[in-house]
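Novice: Could you put the whole structure together from the sequences, leaning on the hints where they help?
From first to last, the protein sequence lines stand for chains A and B. Using the numbering used here, the letters of the first sequence correspond one by one to residues 1 to 499. Using the numbering used here, the letters of the second sequence correspond one by one to residues 1001 to 1488.
Worth flagging that the hints you see were computed from the coordinates, not collected in a lab. Honestly, I wouldn't trust all of these hints.
A few chain B residues that face chain A, going by a derived Cβ cut-off under 8 Å, partial list only [what the hints assert, rightly or not]: (1) Gly1071; (2) Ala1405; (3) Ala1408.
Note that CB positions come from ideal geometry on N, CA and C, so glycine has one too.
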Amino acid sequence: MNALPWAIYTSFAGALLVLVAGARSAALARGLALATAVTGLGLALWAAAGFVPGPGLQTLVDLPWVGSLGIRYHLAADGISLTLVVLTGIAATAGVLFSWNITERTGEFFAFYLTLIGGVYGVFLSADAFLFFVFYEIAIVPKYFLIANWGSTRREYGAMKLALYSFAGSALVLAGLLWTYAAGGAQGFALTELARAATILPHTEVVVIFALVFFGFATLAGLFPLHTWAPTGHVAAPTGASMLLAGVVMKLGAYGCLRVALPLFPVGFACWQPVLGWLAVAGIVYAGLIALVQDDFKFVIGYSSVSHMGFVMLGLAAANTQAVAGAVLQMFSHGVIAGLLFAVVGRMIYERTHTRQLGDLRRLPLHRLLPFAAVVFVLAGLASLGLPGFSGFPAELTILIGTWQASPRWALGAAVGVLVAAAFTLRVIQVAFFSRTEPADTAAPAEALPPITLPEKLGALLLLSATVLIGLKPDLLLDWILPALQSPLMQAVLKPGNL
Amino acid sequence: MNALYAELFRAIVPETVLVLSALLVLTFDLVLGRRRTLAERLNLAVLLGVAGVLSALALGLRVGPVGTVFGGSFLLDPLAVAVRAGVLVLVLLTLGVVTAAPQTRQPAEYVALILLATVGFLQMAAAQQLLLAFLSVELASLALYVLAGYDKTRPESAEAALKYFLVGAVSAAFLLFGFSLIYGLTGSIQFGKIAHTLGYQAMSPLLAVALVMVLVAFGFKAAAAPFHLWAPDAYQGAPTPSAALIASASKLAGFALFWRLLWSGLGPVAGQFTTQPGTPGWLAIVALLSAASMLLGNFAALAQSNVRRLLAYSAIAHAGALLLGLLSAGHSGPGPLFYYAATYGVATAGAFGVLAVMERHGRSQELSDLAGLYRRSPLLAGSLLIFVLSLAGIPPLAGFFGKFAVFAAALQMGGVASPAGWLALLAIALSAVALYYYLLILKQALVAAPAADAAPIVVPRLAALTLFVAAALIILLGLFPSALLDRL
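Specialist: Following this line, the structure appears as structure tokens:
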């Protein structure tokens, strides 16, 4: 457990090493990047093995940092952070495997990539709001360069839009946190201290501050209507970066809402709760409907990410133990599944066929040309639409049950979203892979595509096994998550739900 | 009497060393420079200059904070010692890239002028009376005017110098007029005595005129809107190291002087506007200057295609944030303001340093001139990344912490409902705007493909070391802000 901070340090150190090594040899850079990502995953799993679930954050490191402002270098973890740290390890490792074909400026690519990962680990492990914010911003900047340099469709536009949205969101967060700190007379930026400072603020101020912090974070989580950066950004990004964006970076926003916005300002949350629930439902349905009519395969996945993140936000808005536990489970589940979907579309298909237009793909017998991709996509698609046996099912079910207790109308709206998700997922499976199903001997000989490489297979297996494992035994994560929700900070905002 | 002079000499040892080394630079060039090439003469001058600044730095730190000197003409408190050290470091960073910039015809004079300007900066950091304050500002400014116009081969350089000089001369007149009114009203030129007299003097129209005069002059010096018009032209036209000096060391020293003048001299007439009803004073004017600078700087920077003009407008925006730090310094102490000014200076000096090195191998004016820098010189691209991200306020770099500390101080001053609080929120909102134009620089340097004829850039050793030190300072001060912040 105490080795967990090293996941952060090794990622940053790995970024530097890869940058140096990349100047000599691309293969060396790749190997080092993989080693770094695997080390992070290993540390996460090792910590998970020795983890004793309990309420409240378990301190890992706590040192004074900026004495005059009461800022501390305080890293801590509970079941929620651990879940997301494990997710980050998995997504990072898979992302490196699916970036194996980056040949241009390889060292720099992985340096930005690992910097982002280090920032993400840091966010999930921070117990001091200032530190949280520092890591949060560290995770934002590399995204711009990953997309602008190595991306595809309208990459500079997508990268800039994403960077500005993220940064505007974090400016809102900073304004809210500083406001709380100054007006509440806080002695530092520890989450507990800020929560105490927030209690002495007048009601209207808390309502405004909550909106600043929550919507600031929710921008990155892709909450409707702040989500528009997400599809363009995901589509423009290179595969490894899309996997990270959808897999972990959007989770940063949701995690910020859960860890900072909700427990610090329960009064403000109570005031905004009805709006938030409907926004989440609107996002689920709206993004799903948009996904239904996309012609670009990657846009379908991009909008599906927004739709599935809507479930996370719905779980947070419902704010009872069950719904929030489901939301955390959904963060993990979506992180793994979205990574898988982007890997198939961006790497396995686009890099080989050089098209993502469903109209072009429908003319190719993809299920025969790339059987592995077809199988993986079908499995990931089924997991994504919530088939039992995959992680999406327990996650969305838990959220829906919890939401029903808070507001049956939200749950009904979200259930419509589940149907839409099934529709758009099945549509792309059918159109992209199974449009030409005439028997092999009668079909015109299709041009052969390069076979699926070993790194791709390994990455897909890693992600698939994660979703199946949690799908079969969600208790693995719920046993960590539920005790974490019993902490005083969380209890201030959660209503009891039975689970 | 002798003891008084002994004390004075002890206190101004750094200045003395700088003047001596300026003379030494000129003498060596005169004696040895006859048969040498320009490059050799420049290297010699820079080495002597660096040695002079380094010894001034060491001696200044060794003298330490000795308190008031020479009957209260100077004050060497810990802040003065720190600001002097900061100024000297910024001058070192500037000197380090002089050799890499395009050659001038009179290298020794160039270095000597930088050293003389530095003497002015050091005096600005310690001055405790109006006369000395004015003299130190003029000493620094006159040297800077010449430095701005030093490149006689380019008309833009002459334009920069002329514009800078005319505006600066007018502002000096305002400053002197304001000072004379203050002297007339209080009968003293000592900051402490002025504050004492003003303490039981009501706000009068004449005093208001004096305050406005002083603040107008200050606005010119700090390039705060609406007195900023000289800055874009000066930054664009001046030789790059001169622009670096104007943007970094000069700004730090200027804010030190005005912090002292406004808070320890004119503090009783600061007025207050955090609660209703407010009292009139200079705080309100500074707040207006701050808001105008942040708005104008950030929005005008969005439209720039010339990287130096862009940096100039970014400097105007930063001046707005510094003014916010200045007005909250009465409440929070000078720590956040000077942390901000010093780290901003390092980042700006570094960014201009990169441009200076590039200029030797082609143009470095338009944003598109930066295209493909990552391929032409990874060192330059990497250090530019750090400097620009620090200017944009991205953690963990020093620029972020400077902004954070200043905004926190401003919000603590009167809560969010006060003008200072509103200014802080405005500044936070504008930092998202600023990211756009900073990313435009980085997009060219790190994303765009190099032009077909762009050759690799060889970075001279001294310049490489300078940029490395500047980048390291930005990172280390960002990771360990207490090292500087708690000393101010």
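Novice: For each hint, tell me whether it holds in the structure or not.
Specialist: Going through the hints against the structure:
Against a cut-off of 8 Å between C-beta atoms, the interface hint on B:Gly1071 is violated, since the closest Cβ of chain A lies about 34 Å away. Of the supplied interface hints, the one on B:Ala1405 holds, with its beta-carbon coming within about 7 Å of a beta-carbon of chain A, less than 8 Å. Taking 8 Å as the C-beta contact cut-off toward chain A, the hint placing B:Ala1408 at the interface holds, the least distance being around 6 Å.
Hint violations for this structure: number 1 only, all remaining hints satisfied.
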